[in-house]
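Protein sequences, first through last, are from chains X and Y. Heads up: the first sequence begins at 251 in the working numbering, then just goes up one per residue. Heads up: the second sequence begins at 251 in the working numbering, then just goes up one per residue.
Keep in mind that the hints were calculated from the coordinates and are not lab data. Among these hints, one or two may not hold up.
Identical copies carry no separate label here, and so any pair may be met within one copy or between two of them.
[What the hints assert, rightly or not] In silico SDA-like links for lysine to any residue, alpha-carbon gap of 25 Å or less:
no.	residue 1	residue 2
1	Lys619	Glu688
2	Lys481	Ala458
3	Lys409	Leu668
4	Lys648	Ile559
5	Lys557	Thr273
2 protein chains.
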Amino acid sequence: MMTTQTDFPSQTLAKYAANLQFTDIPTRVVRKTEDLFVDWVGSALAGKGARAVESIARFAGNMAPIQQQAYPGSAEILIHRSYSSPMFAAMVNAAASHVVEQDDVHNASVFHPATVVFSPALAVAQAIGASGQEFLTACVAGYEVGIRVGEFLGRSHYKIFHTTGTAGSLAAAAAVGRLLHLSPEQMLNAFGSAGTQAAGLWEFLRDAADSKQLHTAHAASTGLMSAYLAKDGFTGAKHILEGPQGMAAGMSTDADVSKLTEGLGTRFATEETSFKYHASCRHTHPAADALLKVMQENQLQIDQIAKVITHVHQGAIDVLGPVVDPKTVHQSKFSMGTVLALAARFGYAGLNEFESSFSNDDIQAFCQKVEMVLDPEVDQAYPRKWIGKVTVIAKDGKTYAGRVDDPKGDPDNTLTRLEIETKAIRLALFSNAATEAEMRDVIEQLWKIETLATIGNLL
Amino acid sequence: MMTTQTDFPSQTLAKYAANLQFTDIPTRVVRKTEDLFVDWVGSALAGKGARAVESIARFAGNMAPIQQQAYPGSAEILIHRSYSSPMFAAMVNAAASHVVEQDDVHNASVFHPATVVFSPALAVAQAIGASGQEFLTACVAGYEVGIRVGEFLGRSHYKIFHTTGTAGSLAAAAAVGRLLHLSPEQMLNAFGSAGTQAAGLWEFLRDAADSKQLHTAHAASTGLMSAYLAKDGFTGAKHILEGPQGMAAGMSTDADVSKLTEGLGTRFATEETSFKYHASCRHTHPAADALLKVMQENQLQIDQIAKVITHVHQGAIDVLGPVVDPKTVHQSKFSMGTVLALAARFGYAGLNEFESSFSNDDIQAFCQKVEMVLDPEVDQAYPRKWIGKVTVIAKDGKTYAGRVDDPKGDPDNTLTRLEIETKAIRLALFSNAATEAEMRDVIEQLWKIETLATIGNLL
């Protein structure tokens, strides 16, 4: 990558995103991006019918026309198979793809890239008729930027801010900016506009409120807007990330500017992204997998367990701690107790398990047996590694220790393409957004996305 | 006002905004709101042709249809006399009304209410056919909420964040929420959605970037969206302002929760709002007026002055300090030196003075003679009082001290209706957005707004 002596970190990152070519991306990263996209399509379809998502879709319909047929410049609202301007398609698809908590996650940045990258990138690619290679390149740019911004903002940021909402605006701007062929200077302006609109607070979790979907809708639409404005000459702060009145100054106390450019061009953070196996907040997965391991290895049944102590990182306590008595399916996905109860009961905390059973008496009873304690080793490894450690105390007094270093879905314990397909189909069926046959057709097309001359409609 | 023992501050504020009736508002506050609205119309029209504003308008046109005729449910884009959905009309009008730095300001909150309240309120009032009294009531709700949120977030917030952008989302939500007749519970949800989207960083000032207009556009559109969503059942955090992962936790170190409800129902913060006389950042006005006073009282001419020391509050240093060598008209409005030079040269730093002369050699030379120093008395009075204090050193060695306790436009030194009309007309003529005759017609209508059955189109 060409950089000059006077380049500063935001600028280096903007140049990278603007200049990234398909041929710069190793084949294994292209394959991984396809995996992530198919996985995202499942999540986006699973959001159909969710109250918060449908509400955002109704707002979109109030503010711009929604058509039943594609028209020049339109983009697809996946859950409704309808068409609107790219801003509103991105907004609705972003809300939809984050609601069932099955979308991907990057560990070190604690950031969910797919929902804020694929939503605006697909909308704009459809609207402008971009090729499959252009689309994939833009998405990698979005992932690389968003992940690095998340890492840069650090753990102090994530204590209060939903990084997917904040870093997500920049990720969306990078992906859309690359599709619009922004110059490096324009890309930096897009970052400035996206960063100065970046928002998203964790406070909603306490009330089981709908904000999580609003955060991704906001990130996708503001990032998209920032890129369009930059293309039109609209300027933004050059140092929006690291400047004295920029994002880190306002929203972080441990920002690390070196993270913005770490390994740019050689390290592809995209491939470090994890798939979610359980349909819950990622902070619950390591402990759930560790509990399952203990139960399998020791042939323990749920009714033999008296207590589960989960040894966790501080971030898990920050996000999950406020959820003490979950009232809704969505809130229960942020309850360590509910997730472990469902895992213990069904061997898996999936969408259907949450829907059918989160409030059952036996699940709620088990929920009360689960404790979180801060573990120095787990905390120190986090966020680069998400170690799962549990102590299980059986009713007969025996104690078992369980540990998982790579929860299911992490790069070192990833899903196969068959598992990804199965998950995506299950997600679409969950919401009746598509039939199995339709999903098999879509997925078959998507495995060939690199060869497509234009990104057409998916459904 | 009815409150219960279990009410918490955000809830009390939401109840107030939802329940406010026209008959609750003292007549003098109604008159002041009309004054502020006429003043805002001038600012909104003055934004016509500004590059950043037109860019946002083009984006709006790309994402939703813009018509030349009003249609059911449409709202007016003032600078173009065109019509779109209320979200985009609010977005464009908000961008337009903040660009020439002539829109109003509330001292204690360091917040510009008009641009983020009238823009969405007018758009929604037009779209739903609200009456003049409903419109005025909604605007007062928006002012009262936005100002209190700004005061609550405090000085530490304003060091990094553009309060008009952040508190502005809640102000917009309150105004639109009142127009949509949200219940108190829905209003609290609207606050939650607005607060979790609140954004706006000062970093752009250093680069003379276009973000200030984006901030008001963002506040107006996200606040509007939050109110529409709340009407549709979408929920938000109940403690978005004061909660442990809310706005103050993330974006302030000196938040004062008592400010949220101070004098609700008896104190009308709306009437504390100041008009801007000079067309520059308000932080420059006290010193400019003090300098003008010294020059008038001592018959000093600009070329007799060797040096001007302005004794200012820290907020002025934070916002104006980074602007050392202004490159654009907009940036020069944040240069204490340029503003004092124009005031010294023309007796007034108005739109035309900036456009024609900010980069002239004599203005730039005078600019270098101006210093800012922190003054403990001024700083302590701020933000409730914006005291202007200058020391002028003449070329003959004589030293003059000047002081103004109420800069022109402050409530104790306010503009008359004639001055407000004159200013609004001058603003519209500046951008060729309307003729003097058209403006006189519009203003005549607006002085009768209380009696209008529906808020129609202005132009």
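In rising order, the numbers of the hints this structure does not comply with: 1, 3 and 5
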